[in-house]
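Listed below are the residues making up each chain.
4 protein chains.
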Amino acid sequence: MLYSLLLLVCSTSVFVSVFRSESGVLSLSSALAPQSGHKVCDAADCSSMKEHTVFVQAEGALHYRSPPPVGRGAKHLTTEQWTEQEEGRSVMDRLLRKCRIRNQLLRQCLAEGLGVYVMMLFGCGAVAQVTTTRETMGQYLSINLGYALGVTFGIFVSHGVSGAHLNPAVSLSLCVLGRHSWFKLPFYAVFQLIGAFLAAATVYLQYYDAIHAFSGGPLTVSGPNATAAIFATYPADYLSLWGGFLDQVIGTAALLLCVLALGDQRNIYVPDGLQPALVGSVVLVIGISMGSNCGYAINPARDFGPRLFTFLVGWGNDVFIAGGGWWWVPLVAPCVGALLGTLIYELLIEAHHPPSPPEA
Amino acid sequence: MLYSLLLLVCSTSVFVSVFRSESGVLSLSSALAPQSGHKVCDAADCSSMKEHTVFVQAEGALHYRSPPPVGRGAKHLTTEQWTEQEEGRSVMDRLLRKCRIRNQLLRQCLAEGLGVYVMMLFGCGAVAQVTTTRETMGQYLSINLGYALGVTFGIFVSHGVSGAHLNPAVSLSLCVLGRHSWFKLPFYAVFQLIGAFLAAATVYLQYYDAIHAFSGGPLTVSGPNATAAIFATYPADYLSLWGGFLDQVIGTAALLLCVLALGDQRNIYVPDGLQPALVGSVVLVIGISMGSNCGYAINPARDFGPRLFTFLVGWGNDVFIAGGGWWWVPLVAPCVGALLGTLIYELLIEAHHPPSPPEA
Amino acid sequence: MLYSLLLLVCSTSVFVSVFRSESGVLSLSSALAPQSGHKVCDAADCSSMKEHTVFVQAEGALHYRSPPPVGRGAKHLTTEQWTEQEEGRSVMDRLLRKCRIRNQLLRQCLAEGLGVYVMMLFGCGAVAQVTTTRETMGQYLSINLGYALGVTFGIFVSHGVSGAHLNPAVSLSLCVLGRHSWFKLPFYAVFQLIGAFLAAATVYLQYYDAIHAFSGGPLTVSGPNATAAIFATYPADYLSLWGGFLDQVIGTAALLLCVLALGDQRNIYVPDGLQPALVGSVVLVIGISMGSNCGYAINPARDFGPRLFTFLVGWGNDVFIAGGGWWWVPLVAPCVGALLGTLIYELLIEAHHPPSPPEA
Amino acid sequence: MLYSLLLLVCSTSVFVSVFRSESGVLSLSSALAPQSGHKVCDAADCSSMKEHTVFVQAEGALHYRSPPPVGRGAKHLTTEQWTEQEEGRSVMDRLLRKCRIRNQLLRQCLAEGLGVYVMMLFGCGAVAQVTTTRETMGQYLSINLGYALGVTFGIFVSHGVSGAHLNPAVSLSLCVLGRHSWFKLPFYAVFQLIGAFLAAATVYLQYYDAIHAFSGGPLTVSGPNATAAIFATYPADYLSLWGGFLDQVIGTAALLLCVLALGDQRNIYVPDGLQPALVGSVVLVIGISMGSNCGYAINPARDFGPRLFTFLVGWGNDVFIAGGGWWWVPLVAPCVGALLGTLIYELLIEAHHPPSPPEA
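Going down the list, the sequences are from chains A, B, C and D.
Taking our numbering, the leading residue of the first sequence gets 450, the next gets one more, and so forth.
Taking our numbering, the leading residue of the second sequence gets 450, the next gets one more, and so forth.
Taking our numbering, the leading residue of the third sequence gets 450, the next gets one more, and so forth.
Taking our numbering, the leading residue of the fourth sequence gets 450, the next gets one more, and so forth.
Note that these hints are calculated values from the structure, not bench results.
Honestly, I wouldn't trust all of these hints.
Remember, identical chains collapse to one label, so a pair may be satisfied in a single copy or spanning two.
[Stated by the list, open to error] Result set (SDA-like, lysine to any residue): computed pairs, CA atoms no more than 25 angstroms apart in a straight line:
| id | residue 1 | residue 2 |
| --- | --- | --- |
| 1 | LYS547 | ARG715 |
| 2 | LYS547 | GLU799 |
| 3 | LYS547 | LEU626 |
| 4 | LYS547 | SER630 |
| 5 | LYS547 | PRO803 |
| 6 | LYS547 | ILE793 |
| 7 | LYS547 | ARG628 |
| 8 | LYS547 | VAL625 |
| 9 | LYS547 | TYR657 |
| 10 | LYS547 | VAL781 |
| 11 | LYS547 | VAL785 |
| 12 | LYS547 | PHE769 |
| 13 | LYS547 | TRP631 |
| 14 | LYS547 | LEU796 |
All values derive from a computational prediction rather than experimental measurement.
For reference, chain A alone in the conformation it holds in the complex (with noise of 0.2 angstroms):
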């Protein structure tokens, strides 16, 4: 317990040094960009999904279109509440303000890492509740809601500031498509493996007596008291490689398939505060339907954040020997299997939407 306590402020101190240094090779753009408290809408390309015309000015007045009451819109108050408001926050809230970051992509970063982490510590938990009490306090559906209800609320963390990828393979998806930034994509990945991975530390943290008295003895990947499985995805015994490849890459797709057309807005209008719920459900059901192959990793962070963390906790080599060398496998399909959704929900429905014309 000592050496994953160590081990936890280790990491964070790296998390923390990774933020600084960050902040100088950013700097630059952040310089560069407005400072101003009085920008509108300095978070509009991260919520890369849909972009929304808030206001529309009609002889003189603002008047909503589209979404009306969207969130930061209702926070818009006239100059009078607003100075109210200013004089009536607390202590607490002006010392946070103190601390308040401005560089855009390293806030982006931090809700990616928490989502991620929230996602994980929710999914973890629950595999590691049905496995260290062998199947009487949950079952295998506990997983699949444990998983779905994490991205549910790993979405609901991060949305507004990161756009919730939460997934190296959606990021990917987005990036190709022209709505995520390439630049983004690889600060965004390691800050999904950092959240999965100190996700991982804190559910082997609470689970730290339970999995040792499981396990009655060393940690192991395989056998009747396993424990490895709750940190990482492994594959059934009767599975090939490329069955489990392919698994993996139809899984990503429907994945993709599915959260493609939830944010398509000329398809069908889901309102923001829906979307977690719905983008949960595909997860479910992805866990109901290709969950018993090799536990639907379909996310690279989620599976190799955990897999490193059992590994450097007491779990060893056996982690990336298991199942004939699988630890690959969830790093290389979920990304060929989001590119393949991708392009069947593209050219079988987005792509032959009618264009939005001008506005006469």
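Add chains B, C and D to chain A, keeping to what the hints say.
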């Protein structure tokens, strides 16, 4: 496995050739239709279940009436924004734009096919998971959830383009009610069938290792290692053929009763974004309450497409012989049931709504 | 089976004759009511739980106030659109138009009957599936979900016409609160009972083979092959009659407490389209937390209608004798509980809302 | 049973006397507060987590800005309608009107008490059902659902009046953030405790026969027939006290992290009507992923109220001795965890939102 891959390629080519011939058949109507990109709503008649009056011109300014945050409306832009956006498009986006199909029926058929494909990918996948793991990774409720969420995301994928019938019996009812064109009915039905067929092929590919490890020999329709029920429905031992017919009639009647209520805005207003989840819930509760007799097909395409696939791929004639020649029941009974359900809802509820008057 | 079919026909004729006689009884009020199709809101008093001010005339233009995208409002059309739509109607639509019933009470009774029918079709169906498959295709949670979703879709079917009480105890509470007419109470209750009776008949038809295969002999109320509990509720062995009475009182009080909160717009605004799912969730959680003692009837019509059916069809006198003459408890206790729950909510929450002032 | 009835009466009288004394204590502030019925929003400060700008005066007409269909606004009427409605009130309504409490703190305390009561009625009820039926009518997932839906409807019952904290640790965090008054904190906490205590009493009444039939003798805290865990939480055998403390800290931190994200409109806009179900889902996923170690109390009132009840009613000193003096952990750790979760969300997400500017 080779065989099935071959089959997939073969059926895809059929798919493609159908597209082409159809484009030919329909060239007249598509030539007559306006081709300009400036047509505001060429998908107008596809949202067959509801007609919104979205814009009302008032004193020179456009104001939203009923559902203000509609999807399509939300993308309308001023001329400047339009040009700007046009310039910022990605390479990918421009390539996709070149593949654009303008023929509406073809777009609708593709959407129906993809919708049923998604529905069956998750539905059959859930049965495959429960069957091949002998209920250790999912139980009957998982199957219900798999089909329910499959329907939900099948609707999300196709709703804006084809109206998301996903079921020939539903299309038939809408034709009878005058809300869908009789001309389009056979096209819809064929593409729904193709979607289900291809989904069965995909599930077979994904669970190839699992199915063969489970059956441990030839693929069978009955017995302890039977796997045919992963794809098509078979009646319980105790069930008479007419009992099964009645079951399918009642089940599909219940489906239509609820779906028509959900679409009847004079009864209760349900936002577009909630409809898919609610229709999925109808299928969930039908599976929970009417699934044990003969597996709630309640959809000719859902049952016959996969049955054909199992016939071709290795389960043989038994798929048509089993259950006393059961195969025709899920083809005929749902159509009868759909009409019965429609009649009940119309006669007890919808026919009696007070007519909406013209505005003064 | 013949017998039950006969019964179905017979009860349907009762259903029809009740309609007729009632139309007679009510002819005066319906004669006095305006018959013109131009009346904007003849269903105004049916949405008894909420009163919206939908339209406010302002400077010659109609603007939506509160809930802009209301169902009925969304269908209002300009005169031209109206004529155009009229011409485009299908034959079916015109035929249905001829069957139109203008008597509001009759429409409401039909809606209540159909709503309870849908609720019980799914609810009893779920119990039948779990019972006759000996929990292999569903467990207790499926039954909870069956009733919950049954309530949800029962509300969707009837909400806009009758307010979707679906429960004589709820109707009673609304009468006491002055939100429903005492005159209508007996009509509502009778049609709720008829709906439950007919649903029990349908479930018996659908599960005829299954029930007889399961019981393997005479239909029984107790013992290992008992099937009476598919339709009506029976108390657990350990339960005293007064313990069961208290259970029903607490359960129905909890129901009303939550339902009144959901309908209280000064507490929290819940869109119409969400209400059915939330009321269904109330029934779900009551089943999860208060179902084991005596089966959470919490509804006189839900319990007595099916009990009567089982009495007539072959289970005999035992349905009234079992559980120490249990049958009257789910008739009386829910009414007491509904009033208690109403009183608690009103006294602790609703009575203290600040009054809404008239607009300046 | 007599004893517990007596206890119920006794605790109710305490409840009432607290009301009175408090009215006394607060008479000054209530005398100073405006008593007129024309005050538009005397519940303004209770919706502590959000501030909407509901009305904006524009050219003499009131137009809704942000959330147009707000609950309270929807009830505003013109003077004529007002008078008319006043005359049409039922007798019951007028009687209730006489009981109206104008003191806002008392109203809020009543709402918090009732909210926690509803939450615990369903939550403890679900545990009672699963325990006393030895998992034949519900499993661990039912308990998770019971608490999740309990939280949902607890929020629905109290949201508009008290802001629905339902948890002293949540109230504490909101005080630290300056979104809730420190003065009100002890009142909220006491009424939350009372609500939980009374709910435990009600569940004991409802399951009196079941609990005594199950335990078959004296009520015990441990052993095969233990029933104390129906009411309060106890740690698993393998868990160290500090492991349990850490578990509670992590669990409550996760709760606050998600709840703050749901309430942060600059992150993602969630309509009021969806919030209760989403907060319930947070509790669901915490139960699914963090429930096996020590029963996810994550709420001092939820645990201590029922523990006190079991101590008084017959389980004796063991409820405080069991688990190595476990009882204080769910009192202290959730407060620490709530502050930690608040800090993480504020430092990683909320502090960095760009400030909303005053409108031009």
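Given a CA cutoff of 25 angstroms, do LYS547 and VAL785 count as a within-copy pair, a between-copy pair, both, or neither?
-> between (43 angstroms within a copy, 23 angstroms between copies)
What label fits LYS547 with SER630 when the C-alpha limit is 25 angstroms: within, between, both, or neither?
-> Between copies only: 23 angstroms across chains, 29 angstroms inside a chain, cut-off 25 angstroms.
Using 25 angstroms as the alpha-carbon threshold, which applies to LYS547 and VAL625: within, between, both, or neither?
-> Result: close only across copies, 16 angstroms inter versus 37 angstroms intra.
Between the shortest in-copy and the shortest cross-copy C-alpha distance, which are at most 25 angstroms for LYS547 and TYR657: within, between, both, or neither?
-> neither (37 angstroms within a copy, 56 angstroms between copies)
Given identical chains, is LYS547 near TRP631, meaning Cα to Cα at most 25 angstroms, within a copy, between copies, both, or neither?
-> Cα proximity of LYS547 and TRP631: across copies only (23 angstroms, versus 31 angstroms in one copy).
At 25 angstroms max between alpha carbons, let me know whether LYS547 reaches ARG628 within a copy, between copies, both or neither.
-> between (32 angstroms within a copy, 18 angstroms between copies)
How do LYS547 and ILE793 come out at 25 angstroms by Cα distance, when the copy is not named: within, between, both, or neither?
-> between (47 angstroms within a copy, 15 angstroms between copies)
Give the relationship of LYS547 and ARG715 under a CA distance limit of 25 angstroms: within one copy only, between copies only, both, or neither.
-> Between copies, since 18 angstroms is at most 25 angstroms while 41 angstroms is not.
Should LYS547 paired with LEU796 be assigned to within, between, both, or neither, using CA atoms and 25 angstroms as the limit?
-> Between copies, since 10 angstroms is at most 25 angstroms while 48 angstroms is not.
Within, between, both or neither: LYS547, VAL781 at alpha-carbon 25 angstroms | For LYS547 and VAL781, the Cα distance exceeds 25 angstroms both inside one copy (42 angstroms) and across copies (30 angstroms).
Between the shortest in-copy and the shortest cross-copy C-alpha distance, which are at most 25 angstroms for LYS547 and PRO803: within, between, both, or neither?
-> The answer is between: 13 angstroms across copies meets 25 angstroms, while 48 angstroms in one copy does not.
Pop the pair LYS547 and GLU799 into one bin, within, between, both or neither, using alpha-carbon distances up to 25 angstroms.
-> between (44 angstroms within a copy, 12 angstroms between copies)
Comparing the model with each numbered hint stated earlier shows that hints 9, 10 and 12 do not hold.
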